[in-house]
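For chain A, the structure is supplied; the task is to place chain B on it using the hints.
Protein chains: 2
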Amino acid sequence: MDDIITLDYGSGGKKTARLIQETILPRLDNPALRVLGDGAIVPLEGPLCFSTDSFVVSPLFFPGGDIGKLAVCGTVNDVAMCGGEPKYLSCSFIIEEGLPLETLERVLDSMHRTCESAGVRIVTGDTKVVERGRGDQLYINTAGIGTLRYPGLSPAAIRPGDAVLLSGTMGDHGTAVMLARSAMAESNIISDCAPLNRLVERMMVIGAAVRVLRDPTRGGVATTLNEFIEGTGFGIELEEDALPVTPAVRAACDMLGLDPLYCANEGKLLCVVAPEDAARVLEAMHSTEEGKNAVQIGTVSSRFPGKLTLQTPLGGRRILQKLAGAQLPRIC
Amino acid sequence: MDDIITLDYGSGGKKTARLIQETILPRLDNPALRVLGDGAIVPLEGPLCFSTDSFVVSPLFFPGGDIGKLAVCGTVNDVAMCGGEPKYLSCSFIIEEGLPLETLERVLDSMHRTCESAGVRIVTGDTKVVERGRGDQLYINTAGIGTLRYPGLSPAAIRPGDAVLLSGTMGDHGTAVMLARSAMAESNIISDCAPLNRLVERMMVIGAAVRVLRDPTRGGVATTLNEFIEGTGFGIELEEDALPVTPAVRAACDMLGLDPLYCANEGKLLCVVAPEDAARVLEAMHSTEEGKNAVQIGTVSSRFPGKLTLQTPLGGRRILQKLAGAQLPRIC
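Going down the list, the sequences are from chains A and B. Throughout the first sequence, residue numbering follows this note's numbering, covering 232 to 563 in sequence. Throughout the second sequence, residue numbering follows this note's numbering, covering 232 to 563 in sequence.
Excised from the complex, chain A in its bound form:
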């Protein structure tokens, strides 16, 4: 193999075959990949959850993760948020000519480790190579499928009085990537990038009246909560004091002019649950690594219909809208 990936690795001919056979497949090895065709045949019962995301994060490697880990977690989490049990992923690479082969290998190894930890398999894929200046090293798309285990999760199920839970601190991913980009060496912020399917399983299996789950990625917690209440007759009231943010993330946000409420997370989820079940669900969350810092951050109410509001410690209240503008490009 060459040291770098050249255009002929995307030709569909001999070099593409070598890249797949010698570099990609050994690293993603699993039984479904041992018979190659135009796609994979997988045993799954319907109904299914089906989701996709493309990942264009810059830089490719950052504290706590890399584009490969992100590409697996992002799609695993989307399937899990729909109430599905993520099982099989597709994986497609758009490689910029000149990418060091070693970079691709590191990303593949990371994808494999993340798949193992999430209990999912990459079963089909594709590789394209574009000319220098037509990409940015590596873009990855994953799509994921899994059997629907918990039907009915939807913002439409939310009711006034419901509790709003967050599985941990806000903004760790977004600030970790931003700091990695600006090469600030002293940062100790680590991306929260993690598969959440086991956390979801733990929360759902207890039979609580969970209304909706969603991972607040691009746009952050404030944007996702706005999506829940848009056009409805109720609002969500957050307590500023209850919002979990590490001191390091808070300091980084102050410095970068960001608001943790709008920063991307890649290993956190928001859960709206009936008030009588909130304590049980929090307890289930606390029993997992991914949810050990889960807290209730707010309540659904009908006082400010369609609005997400933040109660400050001094008694003020402000409206939080969806993210406007491009606070954080290329964060995932």
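Keep in mind that the hints were calculated from the coordinates and are not lab data. The beta carbon of each residue, even a glycine, is placed where N, CA and C say it ideally should be. Misleading hints may appear alongside valid ones.
What the hints assert, rightly or not - Between beta-carbon pairs, the in silico distance windows are:
| no. | chain 1 | residue 1 | chain 2 | residue 2 | range |
| --- | --- | --- | --- | --- | --- |
| 1 | A | PRO274 | B | PHE292 | 38 to 46 Å |
| 2 | A | PRO294 | B | GLU362 | 17 to 25 Å |
| 3 | A | PRO278 | B | MET486 | 50 to 58 Å |
What follows is chain B alone, placed relative to chain A:
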């Protein structure tokens, strides 16, 4: 809406929501897209065929198609080649900052028309925006799922004596894109880009002993046939006289220094079938628009194990290897 897509359309915030709500969803409209979450819930029975491709074709529009039509056909065809009935697609856009909104709209309209004609639905998606110079206008990924209808299609089922069928002329897509790129105005070559799922259905429903199906995209017919026989005890013998190529494609290939046997096709399939069933399968193919020019192009034999050979009209025979080098970058 703005006239061009700027970075904030990829923020995950207000502009992303507007792009999705006002531009993308109305054009791809179908019931599954009317309830948006992190993914789609679809009714499908297993086992499933699951496939993905990323599309990076340049230029975005070419005679006979565009990147949107290609993105739907490519994945529909991959699922169909596995013996699946393609049903649901995911669709993910990587947009370069500055793309005219009107370009995206044209592509979306084309995707919608192609989905209608193939009988599939886009049910989930994603949109990312990258800075100028980090992409090339638009890259699209699709993944597709469908119930497995015809199990057992595999090169491992091929036997000496089997007939090798091709559903129509070779090289139309590859040459159409190459000519569009070099802006040669006088070309009358039109990409063969088409969904093949109905052709496959027609071929399979008659109960013939079809061994394997595959669409010869990147790398062309010669590369795909090499993949069938690699490491086996048999070879495939092609008859040069039987290879269908239009005069226009032949002339373009001569001019561009290409070989139609290695040119990409996006609406053709190769079929290996038991000799006694070849005529029936050809008849079924001829009853469809996509297969009306189907012919037998060769035979599986044990004379030259592992080799694809071409018998010339003058009695010579040459070995056709897999595509080496990057004959045609960014063709799909």
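Here is what the structure says about each hint:
1. PRO274/A / PHE292/B: 38 to 46 Å: 40 Å, holds
2. PRO294/A / GLU362/B: 17 to 25 Å: 23 Å, holds
3. PRO278/A / MET486/B: 50 to 58 Å: 52 Å, holds
Violated hints: none; the structure is consistent with every hint.
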